[in-house]
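Colleague: Numbering follows this note's numbering, with no gaps: position 175 of the first sequence is 194.
Hints listed in this document are in silico derivations from the structure and should not be mistaken for laboratory results. Where is the CB? At the ideal position from N, CA and C, for every residue including glycine. Heads up, a few of these hints could be off.
[What the hints assert, rightly or not] Simulated restraints on C-beta separations: (1) P174 <-> G30: 20 to 26 Å; (2) H97 <-> D164: 22 to 28 Å; (3) D138 <-> Q79: 31 to 37 Å.
[Claimed, not checked] Restricting the straight-line Cα-Cα distance to at most 25 Å, the calculated cross-link-like pairs of lysine to any residue (SDA-like) are: (4) K155 <-> Q79; (5) K155 <-> Y94; (6) K155 <-> G123; (7) K155 <-> V45; (8) K155 <-> T50; (9) K155 <-> H97; (10) K155 <-> G76; (11) K155 <-> Q129; (12) K155 <-> G167; (13) K155 <-> F98; (14) K155 <-> I93; (15) K155 <-> E125; (16) K155 <-> R77; (17) K155 <-> T166; (18) K155 <-> G108; (19) K155 <-> V80.
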Amino acid sequence: MTYSWLDAPAGDVAETARTLLGWRLVAHGVTVRLTEVEAYSGLGLDPASHAHRGVTGRNQVMFGPAGILYVYQIYGMHFCANVVCGPEGEAAAVLLRAGAVVDGLELARQRRPAARGDDDLARGPAKLMQVLGLGKEAYGTSLVDGTGPASLLPPLSPPSQILAGPRVGVTSAHDLAWRFWVADDPSVSSYRRHVPRVRTRPNA
DNA sequence: TATTCGATCCAT
DNA sequence: TGGATCGAATAC
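All chains, please: the whole structure from these sequences, using the hints.
Modeller: This is the structure:
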């Protein structure tokens, strides 16, 4: 299997994100078919990207080769994952937002006791990680060379129809339709606009 | 060193 | 709609 398409220039990361739909992710006995992703361009180009201000301790793997997992913690309790894309140094990435469990259903249910139903097992970026049994230890591991806990597998069948819209929870670049999902798939998360937090203390 | 706030999830 | 919960990023 060749994964060279993951190396497409950072300017084409939206196209790479679309391509990822339908691909499968397998880890710790559970397989998920990707149904929802978001594209993030690198350095400077995309104010919503975790890499847009340059290298930091958290985002350093985004500047490395494609096919690596960039895992980050959010709200002190959840983990989300991106596939690093593009040539080295460009820091493009695709956030894995949702998927449908296609293998290891029993294990998936055990890992997600709060799920409302099977459609909800991986319906969200942190849920996807939980269902696959992945956390911060997956940071910087490869999806494409078999050395990491998770692997990327080609689609069994191409997705029927792909729709696009604004990214979830992103304030800047709200006009950009860089969220992609499989039309009519029940595992796609519901769109939530970013809500600005209310100020608790007045400005001095 | 101090403060702010998030590419979320869940129960209400 | 609001609370949980903590570390990275930024402000000082």
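Colleague: All hints, please: hold or fail.
Modeller: Hint check:
Range check, P174 to G30: Cβ separation about 24 Å, and the 20 to 26 Å hint holds. One distance hint, 22 to 28 Å for the beta-carbon pair H97 and D164, holds here, with the actual separation near 27 Å. Hint check: D138 to Q79, Cβ distance near 35 Å, so the stated range 31 to 37 Å holds. Straight-line distance between C-alpha atoms of K155 and Q79 comes to about 14 Å, which keeps the hinted pair within the 25 Å bound.
Restraint check for K155 and Y94: satisfied, since their Cα atoms lie roughly 14 Å apart, inside the 25 Å limit. With a CA separation close to 22 Å, the supplied pair K155 and G123 stays within the 25 Å bound. For the hint pairing K155 with V45, the CA-to-CA distance comes to about 17 Å; that is within 25 Å, so the pair holds. For the proposed pair K155 and T50, the alpha carbon gap of about 19 Å is at most 25 Å, so the pair holds.
For the hint pairing K155 with H97, the CA-to-CA distance comes to about 10 Å; that is within 25 Å, so the pair holds. With a C-alpha separation of about 14 Å, the suggested pair K155 and G76 falls inside the 25 Å cut-off, and the hint holds. Straight-line distance between C-alpha atoms of K155 and Q129 comes to about 20 Å, which keeps the hinted pair within the 25 Å bound. Restraint check: the Cα-Cα separation between K155 and G167 comes to about 12 Å, which is no more than 25 Å; the hinted pair holds.
Proximity of K155 to F98 is assessed by CA-CA distance (about 7 Å); at most 25 Å being required, the pair is judged to hold. Distance restraint check for K155 and I93: the Cα-Cα separation of roughly 11 Å lies within the 25 Å cut-off, and the hinted pair is therefore satisfied. A C-alpha spacing of about 23 Å is found between K155 and E125, which places the hinted pair at or below 25 Å, so the restraint holds. Of the supplied pair hints, the one linking K155 and R77 holds, its CA atoms being roughly 11 Å apart against a limit of 25 Å.
Between the alpha carbons of K155 and T166 the distance comes to roughly 16 Å, so the proposed pair stays at or under 25 Å and holds. Under the criterion of a C-alpha separation no larger than 25 Å, the hint pairing K155 with G108 is consistent with the structure, at around 22 Å. Note on K155 and V80: the hinted pairing holds, with a Cα-Cα distance of about 13 Å set against a maximum of 25 Å.
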